[in-house]
Each structure stands twice: as C-alpha cells, then as structure tokens.
Amino acid sequence: MKSKFYAILANTLRSKIYLDYLIKKNLLPLKLIFLDDKKKNYLKKFLKKKNLNIKYFKTKNINNKKLNNYLINLKERYFLYSGYPGQIIKNKNLLSKKKFLHAHPGKLPEYKGSTTLFYSILKLNKVYCSSIILNNRIDGGKILNIKKFKLKANQFSKLGEYDAKIRILTLYDVLSNLNIRIFNNGIANNSTAKKTYNHYFIAHPIIRYLARRKIY
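Taking our numbering, the leading residue of the sequence shown gets 2, the next gets one more, and so forth.
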C-alpha cells in the first residue's frame, strides 16, 4: 500500500511495535526519522535489516532546531509520531505546516495523562484509545478517531506491549485512509479543549493492583 506519511521514531519498545505492525500491513512510511543520542540501541540493527529509508538525528529532543528545520522542509504534511515520553512540540510554525499523528491510550477528551488505562478500567470497565493531531498542549489537538478494546488479561499482563499495540491499531485506521475529510472533520465533538477535564498522571500501586485484579 502506497503511503503518504513520514514516521518519527524513538529508541523505544513502542516504536518497534509500531514499525513491526506497519511492515506486516505493508504500509511503510516514506521515510523514518529516528531520534537517539546513544551510539548503541536495540532498534538500529532492526532498522538496517529492513532496508528502510532512514534519517538519523543524534538527539532525543523533538524541539531540536536542526531537526525542526529538517521536518519543515520535507514534502509531505503527515507524520506518525512516536517520540520520547513527556515532550511537547513547541515550534508553532512546525505545528501549523505539518500534521503530527499521535495515539493516546484513553478516551479523549475526558481521559488525559499517562495512567488513563488504569482509571478507565476501574471507572468504565473498558479500554479506549484515541488518535489525535498534536498541538502544543498535553494530549491536546483534534480527535480523529476513538477505538474501544476488549479487556484481555493475557495482553494486559505486559502493559508496555499492550499500550503500544492498541495505539498502532488505532493509528492504522487513520494512516491507511489519509484524506482531507478526516483531518478537516475528525469525529463528532472532536475538540479536546472545550471543557476542563481531569489529568491522570499518577496511579498509586493500589490503583494499579485493583485495575489488574478487575480483569483477571
């Protein structure tokens, strides 16, 4: 399948799972922009074996000036974003010219933050994932789609893998159907900034235990 997007990847398990899935689906990015400031990493050998079009940057910072200038000058507008956690794209010019597609493991706009999986299970008994066009706010931006996933104990036992898998499954629906209508319209009630919602950044060990216990 011919793609019309680039991918920004970090040296993380999430990026590896994203790439594995896209290779399986034969939906490869036009170019991979790989960020890492280390000489040794477990993804570099994997990338070389796949004979992919790769541009390496020796930085973990998405706001690196050299990187931002490079991204702005690329032809296509769309980027699959799998950067390092806790970073927000600050360059307003870059955000206005390019579309960064990101997946959040929670039902937006109600569930923002890094621990939404646990609270979603306890409060809704369901797991959701939302794909968005990033802006300069945490888990902000236009919502493109939301998918609901069944709770499966054997998948949730490895949280990092489960998190990455539901993200790329959600993103794939967008990446395989890139068109103007999706980005102009998104879904109904697609603003993440209409109201003030709670942010779920901390989950006490008891919260994590109860969430896991609920699906076993």
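Because the hints were derived from the structure by calculation, they are not lab data.
A virtual CB, placed ideally from N, CA and C, is assigned to each residue, including glycine.
Some hints could be false.
Using 30 Å as the maximum straight-line C-alpha spacing, the simulated BS3-like pairs for lysine-lysine come out as follows [what the hints assert, rightly or not]:
no.: 1; residue 1: K108; residue 2: K149
no.: 2; residue 1: K143; residue 2: K17
no.: 3; residue 1: K91; residue 2: K5
no.: 4; residue 1: K159; residue 2: K26
Quick list of simulated restraints, FRET-style, between CB atoms [said to hold, decoys possible]:
no.: 5; residue 1: I24; residue 2: N178; range: 11 to 21 Å
no.: 6; residue 1: L28; residue 2: K151; range: 21 to 31 Å
no.: 7; residue 1: K91; residue 2: K39; range: 19 to 29 Å
So, going through the hints one by one against the coordinates:
{"no.": "1", "hint": "K108 / K149", "verdict": "holds, 9 Å"}
{"no.": "2", "hint": "K143 / K17", "verdict": "holds, 26 Å"}
{"no.": "3", "hint": "K91 / K5", "verdict": "holds, 24 Å"}
{"no.": "4", "hint": "K159 / K26", "verdict": "holds, 23 Å"}
{"no.": "5", "hint": "I24 / N178: 11 to 21 Å", "verdict": "holds, 19 Å"}
{"no.": "6", "hint": "L28 / K151: 21 to 31 Å", "verdict": "holds, 24 Å"}
{"no.": "7", "hint": "K91 / K39: 19 to 29 Å", "verdict": "holds, 24 Å"}
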